[in-house]
Amino acid sequence: MSLSALAEHTANVPLVDHHVHGCWLKPPDRPRFENGLNEANTEPLASYDSAFDTQLGFAIRAHCSPLLGLPRHADADTYWNRRCEHSESDLARLFLSEARVSDWLVDTGFAGGVANLDALAGLSVGSAHEIVRLESVAEAAITASDDYATAFCRLLDGRAKTAIATKSILAYRGGFDGDLSEPASTEVADAAQRWRDSPGTRLTDRVLLRFGLYQALRLGKPLQFHVGFGDRDCDLHRTNPLHLLDFLRNSGDTPIMLLHCYPYEREAGYLAQAFNNVYLDGGLAINYLGARSASFIGRLVEMAPFRKIVYSSDGFGPAELHYLGARLWRNGIRDVLQGFIDAGEWSEADAIRVVDLIAHENARRVYGLG
Amino acid sequence: MSLSALAEHTANVPLVDHHVHGCWLKPPDRPRFENGLNEANTEPLASYDSAFDTQLGFAIRAHCSPLLGLPRHADADTYWNRRCEHSESDLARLFLSEARVSDWLVDTGFAGGVANLDALAGLSVGSAHEIVRLESVAEAAITASDDYATAFCRLLDGRAKTAIATKSILAYRGGFDGDLSEPASTEVADAAQRWRDSPGTRLTDRVLLRFGLYQALRLGKPLQFHVGFGDRDCDLHRTNPLHLLDFLRNSGDTPIMLLHCYPYEREAGYLAQAFNNVYLDGGLAINYLGARSASFIGRLVEMAPFRKIVYSSDGFGPAELHYLGARLWRNGIRDVLQGFIDAGEWSEADAIRVVDLIAHENARRVYGLG
Amino acid sequence: MSLSALAEHTANVPLVDHHVHGCWLKPPDRPRFENGLNEANTEPLASYDSAFDTQLGFAIRAHCSPLLGLPRHADADTYWNRRCEHSESDLARLFLSEARVSDWLVDTGFAGGVANLDALAGLSVGSAHEIVRLESVAEAAITASDDYATAFCRLLDGRAKTAIATKSILAYRGGFDGDLSEPASTEVADAAQRWRDSPGTRLTDRVLLRFGLYQALRLGKPLQFHVGFGDRDCDLHRTNPLHLLDFLRNSGDTPIMLLHCYPYEREAGYLAQAFNNVYLDGGLAINYLGARSASFIGRLVEMAPFRKIVYSSDGFGPAELHYLGARLWRNGIRDVLQGFIDAGEWSEADAIRVVDLIAHENARRVYGLG
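First to last, the protein sequences are chains R, P and W. Sequential numbering of the first sequence, starting at 1, is according to full-length UniProt numbering. Sequential numbering of the second sequence, starting at 1, is according to full-length UniProt numbering. Sequential numbering of the third sequence, starting at 1, is according to full-length UniProt numbering.
Just so you know, these hints were derived from the structure itself, not from any lab. Some hints could be false.
[Stated by the list, open to error] Sample of chain W residues with no beta-carbon within 12 Å of chain R, all distances over it, derived:
| id | residue |
| --- | --- |
| 1 | A46 |
| 2 | S50 |
| 3 | I164 |
| 4 | L203 |
| 5 | D233 |
| 6 | E267 |
| 7 | F275 |
| 8 | A304 |
| 9 | G339 |
[Said to hold, decoys possible] Only pairs whose alpha carbons sit at most 25 Å apart, straight line, appear in this in silico DMTMM-like list of lysine to aspartate or glutamate:
| id | chain 1 | residue 1 | chain 2 | residue 2 |
| --- | --- | --- | --- | --- |
| 10 | R | K221 | P | E43 |
| 11 | W | K161 | W | E85 |
| 12 | P | K221 | W | E88 |
| 13 | W | K161 | W | E88 |
| 14 | P | K161 | P | E187 |
| 15 | W | K26 | W | E85 |
| 16 | P | K161 | P | D177 |
| 17 | W | K26 | W | D118 |
| 18 | W | K221 | R | D356 |
| 19 | P | K221 | W | E43 |
| 20 | W | K161 | W | D246 |
| 21 | W | K221 | R | D177 |
| 22 | R | K221 | P | D49 |
| 23 | P | K161 | P | D118 |
| 24 | W | K161 | W | E130 |
| 25 | P | K161 | P | D77 |
| 26 | P | K221 | P | E182 |
| 27 | R | K221 | R | D177 |
Built from N, CA and C at the ideal position, the CB exists for glycine as well.
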């Protein structure tokens, strides 16, 4: 059977992965590997559980096995043993190159044990660009000077000379509900002093978090927000992007990139229609949904205009994730759009055009990639 | 291939469009047309965007093109140019008559630049009935008399002589969360005085909004609520119909019609099961979901009893919307119910009966149409 | 056409119904029967409505008719008349035995007019085990002694000698949002005195509700929570399981079983991934969704690890519900997993293994069934 033009196109279209982390370069033991396949749990998995018995685990066995010379659906032990025969950097080169990603936009704010920007570049699997995490800038600023606001701006401007975007993890530092207006200078100075007086603590002060967001707006580079699905340190219901409404009403022209979004993808799509500067992706949720990801990808192409949807894997740790995100997105968007074509709702030419928009064109426009 | 009995029936069943606005009678320029295809954004679309690159845009190109003598999926420029060859009233007559709607229930409360009730009637495309917006009655009452409550009731009773239903846009005036009990007379008088002291302002006082709702309950005619998806002036999460629970517990026998409901259609369906007097439709969301609307229509026939679901387009502006709502609903309900039949879950006779209930029987019963 | 191995397996796999109530043993009149098919409404159905015109009604006509010797989709009157030809205990034996459930875990806390544990055991349709409702223990404790806390613990420990699990209906007594920390002894004593001073009132005091939860944690047997879909006495949005986050963070190793979950099944699945001790089922929602239940069952196998999903019918009243829950779950999981196999995402062997996990293995492990 010959592939449809759409199927052939989605299988090969180059991607911009606009939000990703480093992959491992040192081999994990099996518990660490399995915990690397569970996003939400912050504890070691229970003895009666296995991360292989999840949608993500099944998807790895289906899609990554063939790249290691195994049959589809190879069992968990077989997969693990075969994986152990390769060095972690060989696995990284293999999986990342098979993702066929031209540009990796890398959030370097959470990077324990994974490849940094230089190491990623060294894999020769596509260009690597940096995303600056606002909370990391804050943590540098608080120790850099007695004048927090000035130090923050100076550091951010410095980082922005090479960085392509900023990112906020406000979702993990109190959530979106509550005041998101721009704080006054005196409030910022007072809050910085309070934080300085509690050395070693993580930034959770809302005044300083809000200050950082407005500096990112001033910078004008795309501002990414972690939205929805993540680990249990965040209160998931506080990451509903509708709580960003007032902030978005004040956000001007700076592109706001809503990441992951599950289970609030319909709400995020609405925001992408409501605001010229709002974009969304399915990020990490695509990997975790595995065989259910096509259905999720379908919900991403509902209310959001097609020029406002982008691709990311949010891969972190196992290099399988950097590849699988791409594989599942390619298959999922193909099946969703083929369904529209078969129903007579879309033309194939339009479907191919929308694939290009989401795969790379929108990201190239927003991030100013060449 | 011959059509199934269900397919033939849904293609031709007459509809009651129980919530709609006027269509344009004067030609828009292209930016205005494209903004007319974006519900949520209150600003002009960005230069890098096009309302044609959305599910709604694709649906118009698929379903409206043939009515203008173009092939399905004609491109945006071709569609626009062909549309410009016709007068707006010719387009209105064409699209509205092809919707095969016997009765249009028209919300006249937001009518800038669109056909009024008489003009709609003049198109000879079905009977037009008026829905009175409670907030419009309030705006007339505040200037009519020093005794706001009496003036409101007098005006409402007067309008109700010919109007078939009432409507509230509480969703846009603070949302559903918060107190929705009946206010005392003295509270109403005080609130009216406060509003009178701020001439020219829109009604946002919750006391007066609540007062209007209880007058509508007293009247007993169906009371429609905008729910969910709309423009960004409302806080979408404040329009979750579950926030109406206390109000519904006090609403007696007056039919309460929940409009649009996206993305809260499951919650609305639950309320339609929980309260004898609650109904729901998919309204405007069907148009905006385009090729994804069948999936949404499926969610509307989950928890809601089949005698509690009605049809509307919520068309406003481009006459395409008045037609497309009907077209997408016919196709969507056909595909959803055919799926139930093919799975052996429903009989075809039952499916046809449910189509009749949603298409017109429920609305005829609730609104007392002949 | 021969059945696939998966289809054959799901049709026959024995189930553990880990949350169910008694069935009727005395015949209802028709209004009572129809109200028994509406979960959410607490009032008699309106004269213009019929519980047969719902997904549940259609599902009963499709799946229960053949067991009564009627054709699929027999009309409502025919079904009702045929049902009346049988004694209620004959219907109970028929429907419960056809469910092929090895173990019924019975919530005896709401048992008006339905079979108790002994009567269920007497039907010889599987083993019956008791689930103790914490609020019932509280109602016994308040009258048993002036020392509420001691009395509660003594009564709970006594019941736990034979009971297999505990259950909380906090969802109906104020909802999940708000403080769920463990109260101090003095608070408990004071709250008990307040309740004692209002004799005959239902337990709604949050201090005592919280106290009960922590005694259940101490006990260590699985603790079931009603979540989501239920009758309109609860505020549905207050039963979003994400409001349990803080409680779950403190819940240690006691298995927490989230029941029904609709429309919060995605949120519940997230919690099952985030916490080693959290499980979920689709319970009562499966019956009420009828032809739409496969889609719901699909959403249950998204984020939740496959070793954290269990089966229940939540049948109460009409014995049809005890059977139909099983029938719809078998069909639904078969169709969902067959879809994964057909798409090349899962192997059939894995699908059969996951069916066993959800059907009975997970429940056997969690509840310590033989």
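Open item on the list: I'd like to know which numbered hints this structure contradicts. Please list them from smallest to largest.
Closed with: 6, 7, 8, 9, 11, 12, 13, 14, 16, 18, 20, 21, 25
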